[in-house]
Amino acid sequence: MIAVTLFLVRLLKKPIQWLGGDFVQIEILLRTKLTLDFRNTPSAFQTSGRKKQTLMTQFFFYAVYGLLLAAVLYSINDLLLGLTIFFSVLVVLLAMTIISEFTTVIFDSRDNNILLPRPLNNRTLLLSRLLHIQFYMGYIALALALFPGIAIAIKVKGIAVLMYFLAVLLSTWLTLIFTTFIYFLISKKVEGERFKDIVTYVQVIMGILIFAGYQLLPRIMDTNVLNNTVMKIHWWTYLYPPSWLAALVKTGEYSGITLQVLLLAALAVILPISGAVLLIRFMSIGFENILGEAVVESALPVSNNGAKGFRSTTVRNLICVSDTEKAGWNLAVATTKRDRKFKQSVYPYFGFMFVFAIVILKPDLKNLLASLQAMNGFSKFFFITIIGFAGSTAVSQLPYTDMPEAAWIYLALPLQEHSHLLSGAVKSMLVRFFLPVYLIITVPALWLWGLKTLPQILLGGFGIVLLILIPLLLQNMVLPFTQIREMQRKGMNSLIAIFSMILVAVLAGLLYLSSTFPEWITYLISAFALGLMILFFRMLRKRKFVPTKMYQ
Amino acid sequence: MISVRLQRLALDGYYLNFGKASMGNLLITIRGLKKSYGKGASRNDVLKGIDLDINPGQIIGYIGPNGAGKSTTVKILCGILPDFEGEISIFGKDLRTQSLEIKKHIGYVPETGALYDLLTPNEYLNFIGALYKIDASVLDSRIENLLSFFCMEKHADQRMDTFSKGMKQKILITAGIINNPDILFLDEPLSGLDANSVILVKELLISLAKDGKTIFYCSHLMDVVEKISDRIILINNGIVVADGNFDELKTEKADTLELLFAQLTGRHDNEINTADLFNGIKRN
Numbered sequence: 001m002i003a004v005t006l007f008l009v010r011l012l013k014k015p016i017q018w019l020g021g022d023f024v025q026i027e028i029l030l031r032t033k034l035t036l037d038f039r040n041t042p043s044a045f046q047t048s049g050r051k052k053q054t055l056m057t058q059f060f061f062y063a064v065y066g067l068l069l070a071a072v073l074y075s076i077n078d079l080l081l082g083l084t085i086f087f088s089v090l091v092v093l094l095a096m097t098i099i100s101e102f103t104t105v106i107f108d109s110r111d112n113n114i115l116l117p118r119p120l121n122n123r124t125l126l127l128s129r130l131l132h133i134q135f136y137m138g139y140i141a142l143a144l145a146l147f148p149g150i151a152i153a154i155k156v157k158g159i160a161v162l163m164y165f166l167a168v169l170l171s172t173w174l175t176l177i178f179t180t181f182i183y184f185l186i187s188k189k190v191e192g193e194r195f196k197d198i199v200t201y202v203q204v205i206m207g208i209l210i211f212a213g214y215q216l217l218p219r220i221m222d223t224n225v226l227n228n229t230v231m232k233i234h235w236w237t238y239l240y241p242p243s244w245l246a247a248l249v250k251t252g253e254y255s256g257i258t259l260q261v262l263l264l265a266a267l268a269v270i271l272p273i274s275g276a277v278l279l280i281r282f283m284s285i286g287f288e289n290i291l292g293e294a295v296v297e298s299a300l301p302v303s304n305n306g307a308k309g310f311r312s313t314t315v316r317n318l319i320c321v322s323d324t325e326k327a328g329w330n331l332a333v334a335t336t337k338r339d340r341k342f343k344q345s346v347y348p349y350f351g352f353m354f355v356f357a358i359v360i361l362k363p364d365l366k367n368l369l370a371s372l373q374a375m376n377g378f379s380k381f382f383f384i385t386i387i388g389f390a391g392s393t394a395v396s397q398l399p400y401t402d403m404p405e406a407a408w409i410y411l412a413l414p415l416q417e418h419s420h421l422l423s424g425a426v427k428s429m430l431v432r433f434f435l436p437v438y439l440i441i442t443v444p445a446l447w448l449w450g451l452k453t454l455p456q457i458l459l460g461g462f463g464i465v466l467l468i469l470i471p472l473l474l475q476n477m478v479l480p481f482t483q484i485r486e487m488q489r490k491g492m493n494s495l496i497a498i499f500s501m502i503l504v505a506v507l508a509g510l511l512y513l514s515s516t517f518p519e520w521i522t523y524l525i526s527a528f529a530l531g532l533m534i535l536f537f538r539m540l541r542k543r544k545f546v547p548t549k550m551y552q
Numbered sequence: 553m554i555s556v557r558l559q560r561l562a563l564d565g566y567y568l569n570f571g572k573a574s575m576g577n578l579l580i581t582i583r584g585l586k587k588s589y590g591k592g593a594s595r596n597d598v599l600k601g602i603d604l605d606i607n608p609g610q611i612i613g614y615i616g617p618n619g620a621g622k623s624t625t626v627k628i629l630c631g632i633l634p635d636f637e638g639e640i641s642i643f644g645k646d647l648r649t650q651s652l653e654i655k656k657h658i659g660y661v662p663e664t665g666a667l668y669d670l671l672t673p674n675e676y677l678n679f680i681g682a683l684y685k686i687d688a689s690v691l692d693s694r695i696e697n698l699l700s701f702f703c704m705e706k707h708a709d710q711r712m713d714t715f716s717k718g719m720k721q722k723i724l725i726t727a728g729i730i731n732n733p734d735i736l737f738l739d740e741p742l743s744g745l746d747a748n749s750v751i752l753v754k755e756l757l758i759s760l761a762k763d764g765k766t767i768f769y770c771s772h773l774m775d776v777v778e779k780i781s782d783r784i785i786l787i788n789n790g791i792v793v794a795d796g797n798f799d800e801l802k803t804e805k806a807d808t809l810e811l812l813f814a815q816l817t818g819r820h821d822n823e824i825n826t827a828d829l830f831n832g833i834k835r836n
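Chains as they are written, first to last, in the numbering used here: chain A, 1 to 552; chain B, 553 to 836.
Calculated from the structure, these hints are not laboratory results. Check the hints yourself; a few may be wrong.
As the list claims (entries may be wrong) - Straight-line Cα separation of at most 30 Å, BS3-like style, residue types lysine-lysine; simulated pairs:
1. A:Lys188 x A:Lys326
2. A:Lys189 x B:Lys805
3. B:Lys717 x A:Lys188
4. A:Lys326 x A:Lys52
5. B:Lys645 x A:Lys188
6. A:Lys14 x B:Lys802
7. A:Lys51 x A:Lys188
8. A:Lys189 x A:Lys337
9. A:Lys188 x B:Lys656
10. A:Lys341 x B:Lys720
11. A:Lys52 x A:Lys13
12. A:Lys51 x B:Lys720
13. B:Lys600 x B:Lys779
14. B:Lys706 x A:Lys14
15. A:Lys196 x B:Lys600
16. A:Lys341 x B:Lys754
17. B:Lys802 x B:Lys656
18. B:Lys720 x A:Lys52
19. B:Lys645 x B:Lys762
20. B:Lys717 x A:Lys51
21. B:Lys706 x B:Lys717
22. A:Lys544 x A:Lys337
23. A:Lys189 x B:Lys762
24. A:Lys189 x B:Lys754
25. A:Lys51 x B:Lys645
26. B:Lys706 x A:Lys188
27. A:Lys326 x B:Lys834
28. A:Lys13 x B:Lys685
29. A:Lys196 x B:Lys586
30. A:Lys13 x B:Lys656
As the list claims (entries may be wrong) - Here are the in silico distance ranges between beta carbons for each label pair:
31. B:Ser588 x A:Lys337: 22 to 32 Å
32. B:Arg648 x A:Ile470: 15 to 25 Å
33. B:Gly796 x A:Ile285: 53 to 63 Å
34. A:Ile285 x B:Glu639: 18 to 28 Å
35. A:Leu435 x B:Asp603: 15 to 25 Å
36. A:Leu12 x B:Arg648: 24 to 34 Å
37. A:Lys157 x B:Ala688: 48 to 58 Å
38. A:Leu209 x B:Asp709: 31 to 41 Å
39. A:Leu209 x B:Arg648: 29 to 39 Å
Since the structure is predicted, the reported quantities are computational estimates derived from the model, not experimental observations. Even glycine gets a Cβ: it sits at the ideal position worked out from N, Cα and C.
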């Protein structure tokens, strides 16, 4: 796999040099980075150790998701329209993954001490990072595009299928340089150190904007006549990147190619190239500064918010059963408050989930209140649970750290109940990231749909916590902050987000079902769910901690 | 035995024909160097105006208490922290605008074991060498010679994540001089090394300096600094508080560098502190 990638990069030698990158250095940087990615790390409690397998699992699930897209693509007669829809979904998914998971790779400062003293220019450094990300994103995109590609091959003659895979790769590059472009634009206005803080918020805002743009599409998809509609090209079609990519594939069909299609297809080729020139040749100045500033972020004194700390302590003492659990809580709270990479992985999901909910529910914006009130049972429960579920990312990010070697402490301490550390940390994440959001949406929900939804909201809350706890009980136990953030695992979160939609939908369905019963039954089930939750926490605490490979 | 090994390195053309021609010219000039982290109330001034002129062929011991700004200075000089106030020129080139040219001729040995430890020494050193675009055959013989100098040749193809701190340190030092630099910056180069390796590195530094290279290193090992440095620069609270060779710096009261250090940086009340500390531990 690495060999194939390096071969492809060698084909790009001229363009890379033309962009101002040093080809020899980029090649060795990429080779080394990919070699590192695929070597297994013998850390204290490594549970993986099968990195290629991780990537293959991801490939499989993305391909399964692609199967759904293939069905949609196949059923739409107009190629241009079908492809535009397909590329819209693809670009949004890619953007979501890049924003939430690969941003940290662009601004990674862990190897500053290794790379910055060497004679590498900004362009080389940036380009090597972008190509490194492109490797993983290209992989994800190809997995998603595999089955739709087969649909194209069956349905469309000519070299359309070749153009299609070219367009898929171009779409990842386009999305990657567009997001990086936004970051750099902001870095010009904001100074290095503050920029790092702002990136997190930019991620949330960008996530929302991209999804908001995406909102246009389901509205078109709504019409039943979609299958037989022919896409008309308006002036704004030229501003919509997925339609460029669709047009590029269309040119491979040989028939029905108009000047408009050719123009759109030209944009699909020109924009990734000119965007790369703009970004790498002209905007990469100061990239070193952004990286350099990050080295010293820990030099700043930490401000402690006294009043907030008190409240949090009260809650902690109330729901933690042992001192070890409290210690786990404290560790998780202190670490997640300051770890930028944690924030960058978690915060965007709140934006995504919110817009996801809006996209799926499609409330009438002109008549928002009435349309929300008129929402049917299933939709409103889906809305509540999907937003509540965003907090689960915080729990799934708990194992990750940049300093896995610090995990020696868990082995060196005379500690028996390692699992209490985990349960305490999980509790703190639920209280910090799930509870507030859920309480906040409870208020408008009760106001919109009346007090009669209260039992369902209660049950929904317990249901979400159970959904978060079940995977923890099924997987190998991983203590907080002991796993390195591996390149292969990036892309996993977006994948989990997509598939957890199904679980959330099931939960919402159950809530809907329960709303048809008398209220007392729902309360009874809620009490049962609460009991189950307590039981699950107890089971989590009872789990034995087995370090799979000892520290060497 | 060390001298034999050093000779072998020299035969490799390793540190011959360099530097001597430029003797007498200023190699590094630093004017009004300031660096701070953070803004507003949380602003932390680490360097508050450092002026230094450094000649080639010297070993400079850069010392100071923890947090005095030693590592920050070194990181600025080798381009890891590009954002600073003041003027720095190295080889007569401006560090801000010509850092790429400068970086080709400097080496850096970081304080923390920053290397890709999933690689083997051979892989890592080849990677670093390739970034400097060293000719493959030259690079191969350099790696071989340097590894055997540090008695690491039998570990050349083992992954470094199993290495001890000292073994990693040897690889870091090797990576720092792989490009045959004219100036070598070292941040605590002796940390983790065994006694034999300390002698080895000291000899290496001395002979590099004899050959016209400039060594700029931070250390807490006062006796080593005292012995091998041509010039000692002591910083405290972000400013230079003493600068000269050991004979110039020592006074009647402070005739070792350790005492001098304690005198100048205000750490002579150590005894009282330790007593308090022990009482504190006993009470709990």
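We went through each hint and held it up to the structure:
For the suggested pair A:Lys188 and A:Lys326, the alpha carbons sit about 43 Å apart, so the restraint of at most 30 Å is broken. The suggested pairing of A:Lys189 with B:Lys805 is violated, with an alpha-carbon distance near 55 Å, which exceeds 30 Å. Taking the CA atoms of B:Lys717 and A:Lys188, the gap is about 40 Å. The hint is violated against a cut of 30 Å. In summary, the hint linking A:Lys326 to A:Lys52 is not supported, as the alpha carbons are separated by about 37 Å, beyond the 30 Å threshold.
The hinted pair formed by B:Lys645 and A:Lys188 meets the criterion: a straight-line CA distance of about 26 Å does not exceed 30 Å. Under the criterion of a C-alpha separation no larger than 30 Å, the hint pairing A:Lys14 with B:Lys802 is inconsistent with the structure, at around 61 Å. Distance hint between A:Lys51 and A:Lys188 is unfulfilled; the C-alpha atoms sit about 37 Å from each other, more than 30 Å. A hinted pair counts as satisfied when its Cα atoms are at most 30 Å apart, and A:Lys189 with A:Lys337 qualifies at roughly 25 Å.
For the suggested pair A:Lys188 and B:Lys656, the alpha carbons sit about 28 Å apart, so the restraint of at most 30 Å is met. The hinted pair formed by A:Lys341 and B:Lys720 meets the criterion: a straight-line CA distance of about 28 Å does not exceed 30 Å. Under the criterion of a C-alpha separation no larger than 30 Å, the hint pairing A:Lys52 with A:Lys13 is consistent with the structure, at around 27 Å. Under the criterion of a C-alpha separation no larger than 30 Å, the hint pairing A:Lys51 with B:Lys720 is consistent with the structure, at around 25 Å.
Distance check on the hinted pair: B:Lys600 and B:Lys779 sit about 29 Å apart at the alpha-carbon level, within 30 Å; holds. Only pairs whose Cα atoms come within 30 Å are accepted, and B:Lys706 paired with A:Lys14 is rejected, the gap being roughly 40 Å. The straight-line distance between the Cα atoms of A:Lys196 and B:Lys600 is roughly 25 Å, inside the 30 Å bound, and the hint therefore holds. The hinted pair formed by A:Lys341 and B:Lys754 fails the criterion: a straight-line CA distance of about 41 Å is larger than 30 Å.
For the proposed pair B:Lys802 and B:Lys656, the alpha carbon gap of about 37 Å is over 30 Å, so the pair is violated. Distance restraint check for B:Lys720 and A:Lys52: the Cα-Cα separation of roughly 28 Å lies within the 30 Å cut-off, and the hinted pair is therefore satisfied. Of the pairs offered as hints, the one joining B:Lys645 and B:Lys762 holds, with about 24 Å between alpha carbons and a cut-off of 30 Å not exceeded. Only pairs whose Cα atoms come within 30 Å are accepted, and B:Lys717 paired with A:Lys51 is accepted, the gap being roughly 27 Å.
Distance hint between B:Lys706 and B:Lys717 is fulfilled; the C-alpha atoms sit about 17 Å from each other, no more than 30 Å. A C-alpha spacing of about 28 Å is found between A:Lys544 and A:Lys337, which places the hinted pair at or below 30 Å, so the restraint holds. The suggested pairing of A:Lys189 with B:Lys762 is violated, with an alpha-carbon distance near 48 Å, which exceeds 30 Å. A C-alpha spacing of about 47 Å is found between A:Lys189 and B:Lys754, which places the hinted pair above 30 Å, so the restraint is violated.
Of the pairs offered as hints, the one joining A:Lys51 and B:Lys645 is violated, with about 46 Å between alpha carbons and a cut-off of 30 Å exceeded. For the hint pairing B:Lys706 with A:Lys188, the CA-to-CA distance comes to about 49 Å; that exceeds 30 Å, so the pair is violated. Proposed proximity of A:Lys326 and B:Lys834 is supported: the alpha carbons are some 26 Å apart, at most 30 Å. Taken as a hint, the A:Lys13 and B:Lys685 pair is honoured in the structure, with Cα atoms around 17 Å apart against an allowance of 30 Å.
For the given pair, A:Lys196 sits about 22 Å from B:Lys586 by alpha-carbon distance, which is consistent with the 30 Å threshold. Distance check on the hinted pair: A:Lys13 and B:Lys656 sit about 23 Å apart at the alpha-carbon level, within 30 Å; holds. The hinted window of 22 to 32 Å between B:Ser588 and A:Lys337 holds, with their beta carbons roughly 24 Å apart. Hint check: B:Arg648 to A:Ile470, Cβ distance near 56 Å, so the stated range 15 to 25 Å is violated.
In this structure, B:Gly796 and A:Ile285 break the distance hint of 53 to 63 Å, their C-beta atoms being roughly 40 Å apart. Our hint of 18 to 28 Å for A:Ile285 and B:Glu639 holds, since their Cβ atoms are close to 20 Å apart. Hint check: A:Leu435 to B:Asp603, Cβ distance near 56 Å, so the stated range 15 to 25 Å is violated. In this structure the supplied range 24 to 34 Å holds for A:Leu12 paired with B:Arg648, their Cβ-Cβ distance being about 32 Å.
Between A:Lys157 and B:Ala688, the C-beta spacing of about 49 Å keeps the proposed range 48 to 58 Å intact. For A:Leu209 and B:Asp709, the Cβ-Cβ distance of about 50 Å falls outside the hinted range of 31 to 41 Å, so the restraint is violated. Separation of A:Leu209 from B:Arg648 is about 36 Å and conforms to the stated range, judged on CB atoms against 29 to 39 Å.
Violation of the numbered hints given earlier is confined to hints 1, 2, 3, 4, 6, 7, 14, 16, 17, 23, 24, 25, 26, 32, 33, 35, 38; the remaining hints are satisfied by the structure.
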